[in-house]
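Undergrad: Chains as they are written, first to last, in numbering that gives the first Met the number 0: chain R, 0 to 191; chain W, 0 to 191.
All clues given are correct.
For identical chains, the list gives no copy identity; a pair is met inside one copy or between any two copies.
Computed cross-link-like contacts, DSS-like style, restricted to lysine-lysine with a CA-CA straight-line distance of at most 27 Å:
no.	residue 1	residue 2
1	Lys-94	Lys-143
2	Lys-102	Lys-79
3	Lys-94	Lys-79
4	Lys-100	Lys-79
5	Lys-111	Lys-181
6	Lys-143	Lys-20
7	Lys-143	Lys-72
8	Lys-80	Lys-102
9	Lys-20	Lys-88
None of these hints come from the bench; they were simulated from the model.
Protein chains: 2
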Amino acid sequence: MDKLEKMILEYGEVREGNILKVDSFLNHQLNPVFLYQMGEEFYRLFKDKEITKILTIEVSGIAIAVMAALIFKVPVVFAKKTESLNLDKDIYAGKVFSYTKNKEYNIMISKKYLDNNDKVLIIDDFLAEGNAIRGLIDLTKQSKSQIMGIGIAIEKGFQKGGKILRSEGYDLKSLAIVDELKADHIKFRIQQ
Amino acid sequence: MDKLEKMILEYGEVREGNILKVDSFLNHQLNPVFLYQMGEEFYRLFKDKEITKILTIEVSGIAIAVMAALIFKVPVVFAKKTESLNLDKDIYAGKVFSYTKNKEYNIMISKKYLDNNDKVLIIDDFLAEGNAIRGLIDLTKQSKSQIMGIGIAIEKGFQKGGKILRSEGYDLKSLAIVDELKADHIKFRIQQ
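Okay, chain R solo, but in the shape it has when bound:
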């Protein structure tokens, strides 16, 4: 998505440890009109997949997911992060390791909001090693729902998450793939 690449080049800040900060439009301040345009792009990419539900994870996935959901006209469910492992039998629970924060956290969704009739589009803001997405895939498997696609705003193509997920057959589409991330140089993968 050309506009996302332009936004990253104009507003993104590169920090040590392969961190790309896009706080001005995606992770702290939100640009709603641009988020809606990202939603339209996800719709263009996945509109034939008969999506019944969009799944994301708090916090940063929510705004993009809800904009896409407005266009798909389906509900969003966001996985909640919890401090303690919740073993309530009414929930699907899993674990995610965060490299950015160097700790493991628990995630959960209520069984009420995802079941074996659902055709799921997973949406998130970033994909690097793929740990958060892996956690969401685990929850969908518990629910016996079907993953129809995975939509990412910004994929770090130099980390292995995207490559592995595609090799496993997931229909993963990223609106921008960053192949090189340096303070003075960001290189994007050319996509069709």
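Take the given structure of chain R and dock chain W to it, following the hints.
TA: Chain W only, in chain R's frame:
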């Protein structure tokens, strides 16, 4: 807002401790079309206030705020909750006491995204004692921005937050005000 009252009566679950769970459309699963309608209602209520920015707090405020912002065509800034008190000089920082979780947490926003030129609409999902809103007001005061209004989805009218904020002169509008909350009976305040 009649439709919000209907949604609360149909899908809300009353729990001990004056908890009203609206997980099916607002706090875990999100109904994007209905959230957009809430955004339209906030626009109707505050459209003459020359709003330049919508301020909310993670997590539950984000989806409503971004929908309203899509209609106002202004950015959202969401205050982040942090475990440690961050004394970075580039941020506005404050504290919020959560009755629901019985603990105090730190909140922050980057100075980049709020300043003395901003006319702010604060939006949040719930108002009870008003602690989260008080924290957001504190951050806006630090930024010297101007609070033009406060928009709440669901106010618990039997708790004192709303009454105090109105007595201080804030233009506070709630889409639904719950005056009585019992498992078998929810009573709404009649509003114009």
